[in-house]
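Q: For chain X, the structure is supplied; the task is to place chain C on it using the hints.
Top to bottom, those sequences are chains X and C. For what it's worth, the working numbering labels the leading residue of the first sequence as 1, then goes sequentially. For what it's worth, the working numbering labels the leading residue of the second sequence as 1, then goes sequentially.
Do not take every clue at face value.
Unchecked claim - Here are the simulated BS3-like cross-link-like pairs (lysine-lysine), alpha carbons at most 25 Å apart as the crow flies:
1) C/K92 - C/K131
2) C/K124 - C/K169
3) C/K131 - X/K187
4) X/K187 - C/K92
5) C/K169 - C/K131
6) X/K187 - C/K124
7) C/K92 - C/K124
Since the hints were derived computationally from the structure, they do not count as laboratory data.
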Amino acid sequence: MRTRPHPLVELTRARLLEFLREPEAVFWVFVFPVLLAVALGIAFRNQPASTTPIGLRGRPESVARISALLATDPTLRVLPLAGAETDQALRNGKVDVVLDTGDGTSPTITYRFDPTRPESRIARLLVDDVLQRKLGRTDVARVEDRHVTAPGSRYIDFLIPGLVGLNLMGSGMWGLGFAVVQARVHKLLKRFAATPMRRGHFLLSFMLSRLVLLAGEVVAVVGFGWLLFGVAVRGTLLDLTVVSLLGAFTFGGLGLLVAARPRTIEGVSGWMNLVQLPMWLLSGSFFSYARFPEAVQPAIRLLPLTALNDALRAVINEGAPLHVTWPQLLVMLAWGGISFVLALRLFRWQ
Amino acid sequence: MNAAARCTGLWKRYPDVVAVAGVDLEVHLGECLGLLGPNGAGKTTTVEMLEGLTIPDEGAIEVLGDHWHATDNRRLRERLGVQLQETQLPEKLTVEEVVRLFASFYQRPRPVDEVIALVEMDEKRRARVGKLSGGQRQRLALACAMVSNPDLLFLDEPTTGLDPQARLKVWELVEGFKSGGGTVLLTTHYMEEAARLCDRVAILDHGKVIALGSPAELVASLHAEQIIEVELTGESGAADLAGLPGVSSLAFQNHAARLSVRDIGVALPALLTAIEGAGVGLRRLTTHQATLEDVFVHLTGRALRED
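Next comes chain X alone, as it looks inside the complex (with noise of 0.2 Å):
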């Protein structure tokens, strides 16, 4: 006797095929991510401890001596200025700090920065440190330095869960707002409706195949990630494959949501746009959220992508087990559940 294939096997199944046998699709989800990361990763990858540059102006005897001082010190990179320049080198960053040894009248060193950068405050530290050292000043307490590089404190170790959540967040929504909607415009779904599916198995086809393309999402990064900058995963695999996939449901069903009702491919991108913008610039995929107002923080944090990001941290960088981010993961199943029960009910079949 022959086997029927179960309706929700062979409409995932569909749904998959043809997601796969688009090449615009496959290229957003699963290189795309990939190139954002690398490009990111060596734009902010740890660079070694580099020198300071330091621009010197003055009269020419003045600087020469001070030059020769400051030349024995090799975190610093002294560069001679012409009165003119100096504003301009501090503007475009190309000096730090500019010491000005003054006309000769006074014997006062006058150190020319902005304050508000941080490393120029560092490097006026810096080259003052060797300057009154050089000329005689002497340390009162003994003290001694021990340089540890954290693994895993690294910006790339930052960005890289961000990177896996905003592509979770993304196909998710794209993936399936799109084909849910282009599916209504040609009359697919109205088709579908005159059939005996079941409806909800029509939406659990696209929450499933999104769960089954979700591993080649996550392990493109992370792998990325790992192979290219030595990004471990701390936690278990399990830990971060039960996350993802919670990851998926979530926002599955925040885009089967929002592609409930919108006629039009264009609809349905603003309304894609509106719900994902607020989130790539609050949900600490690029940078930590810890740096908006104390007061909104609470209701970042119940972001689902603030959620997925900070539960995925916690495993690939910290190695949490999973009971740790229990909080993130009850956020992450509520938006997705309900958005899942309410799509079923709003959907719009024709």
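A: Chain C alone, transformed into the frame defined by chain X:
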């Protein structure tokens, strides 16, 4: 139950138009009923209300002894086959994948291979929908409608936009389904299609059924065997044409006169004599066997298709 589908007092109003204005219809078991009418006559709205896709404002619908319910209609849908106007099946899937998908929705579908063979698409089974011709797409839509092994098949303009050969293939498929005992409700604005496929035809105009009967009965209602269309030059003395012997009715359409004629052997010589006597020139004169098209023109004064 001798009706496969029945509707009474069906109304559907949209903000800008009344699409269906009190339609009563009965589709007998085993027959093919055609809804013939121009675009905008309310054919699609009527069919989609019968299919349970559009909710009527007023009126009762019975399909295969059942009614459309607010929530679960899966049992009734198991027994229907539907082909909608303008459905675009997923372009990226193959013929076989699409039929399999639709088959999976039904409890007792026909085997996928069998349905693909039925619509003669064996050699296209691995072709993507996006690469198919219009006729092939339409046959695939029919395969999806027939994969349920339906008791009642709804076809909404199944051959619109197809070339004559592709149209012929679709007709053969519908005839095959009918000969297997199936019931068909189809809409069309091609009178040849209605004449060939339908046991009975309901002519729709402005949301109302304006005539109902077998194609032969409808044509016979003209009391005319032949139609003469004649176009004259100059100030036409056409008023005289009405009284000619053998002419049962007269209508004007775009400067041309249409005469419904009982006996062309009497009417044609009389017409030519009358034209000569009136001193006007003859620009064009055609005659043809009366058809459903003429029934429509007779009833509405307009052509079925304005193209």
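Q: Mind checking the alpha carbons of C/K124 and C/K169 for me, to see if they're no more than 25 Å apart?
A: holds (16 Å)
Q: Against the 25 Å threshold, does the CA-CA distance of C/K92 and C/K131 hold or violate the hint?
A: holds (9 Å)
Q: Does the alpha-carbon distance linking C/K169 and C/K131 stay inside the 25 Å limit?
A: holds (19 Å)
Q: Hinted pair, alpha-carbon criterion (25 Å max): X/K187, C/K124. Please report holds or violated.
A: holds (23 Å)
Q: Is the Cα-Cα distance between C/K92 and C/K124 25 Å or less?
A: holds (14 Å)
Q: Holds or violated: X/K187 with C/K92, Cα cutoff 25 Å?
A: holds (16 Å)
Q: Holds or violated: are the alpha carbons of C/K131 and X/K187 at most 25 Å from each other?
A: The hint holds at about 19 Å.
Checked against the numbered hints given earlier, this structure breaks none of them.
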